[in-house]
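Produce the complete structure using the sequences and hints provided.
What follows is the residue order along each chain.
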Amino acid sequence: MIELRNINKSFGTKQVLQNINITLEAGKCNLIIGGSGGGKSVMLKCMVGLLEPDNGAVYYGDTNFSELNIKQRKTFSREFGMLFQGSALFDSQTVEENIRFPLEMFSTMTPNEIKDRVNFCLDKVNLVNANKLYPSEISGGMKKRVAIARAIAVNPKYLFCDEPNSGLDPHTSTVIDELIRSVTEEFKMTTVVITHDMNSVIEIGDNITYLYQGQVWWQGHNHQVLDTTNKELYDFIYASKLLKSLKKV
Amino acid sequence: MSTLSTYLYNIGKYGIFMKRVFSKPEKWGMYQRQFFIEVDSLALGSLGIVAFISIFMGAVITLQSAFGFESPWIPLYAVGVASRDTIILELSPTIISLILAGKVGSSIASEMGTMRVSEQLDALEIMGVNSAAYMTLPKILACAFMFPFLITISMFLAILGGWIFGVLSGAVSSYEYIYGITTDFRVFNVYYALIKSFVFAFLISSVSAFYGYYTSGGAIEVAQSSTKAVVYTSVLILVFNYILTQLLLV
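Sequence order for the protein chains is A and B.
Per this note's numbering, the very first residue in the first sequence carries number 39; after that it's consecutive.
Per this note's numbering, the very first residue in the second sequence carries number -8; after that it's consecutive.
A couple of the hints might just be wrong.
Examples of chain A residues toward chain B, derived with CB under 7 Å [said to hold, decoys possible]: (1) Arg116; (2) Gly124; (3) Ala126.
The calculated lysine-lysine pairs, modelled on DSBU-like cross-linking and capped at a C-alpha distance of 35 Å, are [stated by the list, open to error]: (4) B:Lys219 to A:Lys109; (5) B:Lys15 to A:Lys269; (6) B:Lys219 to A:Lys66; (7) A:Lys195 to B:Lys94; (8) B:Lys4 to A:Lys170; (9) B:Lys18 to A:Lys153; (10) A:Lys195 to B:Lys4; (11) A:Lys109 to B:Lys18; (12) B:Lys10 to A:Lys52; (13) B:Lys15 to B:Lys219; (14) A:Lys112 to B:Lys15; (15) A:Lys195 to A:Lys112; (16) B:Lys10 to A:Lys109; (17) A:Lys112 to B:Lys94; (18) B:Lys15 to A:Lys195.
For the record, the hints were derived by calculation from the structure and aren't laboratory data.
Given the structure is predicted, the values throughout are model-derived calculations rather than measurements.
Don't be surprised by glycine CBs; every beta carbon is placed ideally from N, CA and C.
Spelled out as structure tokens, the structure:
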């Protein structure tokens, strides 16, 4: 379980997050949705320690992550896996080297065990025979899959995904969503996904939080979200003409 | 912030960055592997340009010395003496370091800056890796370890270039040049040059990494960081050149 208590974050005079209090369920896909500039990515960065909240605390189970010192945080964050918006694969390394990196850095596995683990992770994301390719030689969807493979390589407890569908076609988006869902269930991870993709909301959103102007505006499950009476959330969901027309049908 | 407070702020930030860089590595083996990659990329990759510049700068210094010493009162072997001392004391350690500040410094700053804006450094942090140390320490060690070798090669090639072009152009005879470069040779001058190159190597790698690491934005900011890295490193090389000369030679 991840709990955010009274999180506030400002940049200069602009308050991006206002008194955020949410609980994200363990072993589930927790989606944070909201419009651009709504504070989703800032919240995610506060959760993983890439940004410091002005006040408040982030709890992972009983551990107050905000109170850990740098060294303790480094050790704790080995339980994190993260899929970045732009994949953030290391350009100078091949697909295999990217996935091997966290294993070589932190595990006590033998080279053969590492190789098996890399192939297992690549198999999980349906990428075979891509080991020797560089990130510049693969498509956007493949990069996301490699990033997922790298994130799950060390068997993390928590998986964070920052807009995993951005820049992908609808079919590849669905493939990535299914992957996130399947690795969450298979490895019993607590997953947090930042998105504004409505397909993801419906397909993988066990627990949904809607952020509006830096505040938690709505919380619920995917079977409730389409029938919401919350005006701001309704406007967000049915912003596209397609969904609006489907709603009418 | 005023200009002075900006400088002071950056000096403090650089100090904190260096503290992170010199903290205990997560796994020595990974840093060692990165060190050899950096030796190949930053130092051995600069060998060609260092050799080319050294040979021709050595040749020009010899010809200029011969031109300046056109007097019956000055023996021609003085051309060798002057060329050798100019090359060892200033040309190789300082001028070559300024060139390396351009080549290696911009390479380090743009690599780190690109990694920052594409979130690769954040990815390292999330994995639990000290990104400042992992990306910078091997670069600093590779430069500090290899630049003195590059400068030694530069000295040798510059003196060789002076001999070849000096003799070919008829500015000085082979005997007089060799007699000149072996007369009153002070080994301390070489130590002085190597100490300077070691200090310059540290400045080039650490200052460039600092500017690259704290890049924010996109392509334009990466370019700006790269430019800042080269400018500040060059200025620091000239300032430290004076300080070290004052301390070691005067």
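Status of the hints after comparison with the structure:
1. The interface hint given for Arg116 (chain A) is met, as the beta carbon of that residue sits about 4 Å from the closest beta carbon of chain B, less than 7 Å.
2. Given the 7 Å rule on beta carbons, the hint for Gly124 (chain A) holds: about 6 Å separates it from the nearest Cβ of chain B.
3. Of the supplied interface hints, the one on Ala126 (chain A) holds, with its beta-carbon coming within about 4 Å of a beta-carbon of chain B, less than 7 Å.
4. At most 35 Å may separate the alpha-carbon atoms for a hinted pair to count; Lys219 (chain B) and Lys109 (chain A) meet this at roughly 31 Å.
5. Between Lys15 (chain B) and Lys269 (chain A) the alpha-carbon distance is near 53 Å, which puts this suggested pair outside the 35 Å criterion.
6. Taken as a hint, the Lys219 (chain B) and Lys66 (chain A) pair is broken in the structure, with Cα atoms around 46 Å apart against an allowance of 35 Å.
7. The hinted pair formed by Lys195 (chain A) and Lys94 (chain B) fails the criterion: a straight-line CA distance of about 43 Å is larger than 35 Å.
8. Distance hint between Lys4 (chain B) and Lys170 (chain A) is unfulfilled; the C-alpha atoms sit about 39 Å from each other, more than 35 Å.
9. Between Lys18 (chain B) and Lys153 (chain A) the alpha-carbon distance is near 19 Å, which keeps this suggested pair within the 35 Å criterion.
10. Only pairs whose Cα atoms come within 35 Å are accepted, and Lys195 (chain A) paired with Lys4 (chain B) is accepted, the gap being roughly 34 Å.
11. Distance restraint check for Lys109 (chain A) and Lys18 (chain B): the Cα-Cα separation of roughly 14 Å lies within the 35 Å cut-off, and the hinted pair is therefore satisfied.
12. Distance check on the hinted pair: Lys10 (chain B) and Lys52 (chain A) sit about 32 Å apart at the alpha-carbon level, within 35 Å; holds.
13. Distance hint between Lys15 (chain B) and Lys219 (chain B) is fulfilled; the C-alpha atoms sit about 29 Å from each other, no more than 35 Å.
14. A distance of roughly 13 Å separates the Cα atoms of Lys112 (chain A) and Lys15 (chain B); the hinted pair therefore holds under the 35 Å criterion.
15. At most 35 Å may separate the alpha-carbon atoms for a hinted pair to count; Lys195 (chain A) and Lys112 (chain A) meet this at roughly 15 Å.
16. Taking the CA atoms of Lys10 (chain B) and Lys109 (chain A), the gap is about 13 Å. The hint holds against a cut of 35 Å.
17. A hinted pair counts as satisfied when its Cα atoms are at most 35 Å apart, and Lys112 (chain A) with Lys94 (chain B) qualifies at roughly 34 Å.
18. Restraint check for Lys15 (chain B) and Lys195 (chain A): satisfied, since their Cα atoms lie roughly 26 Å apart, inside the 35 Å limit.
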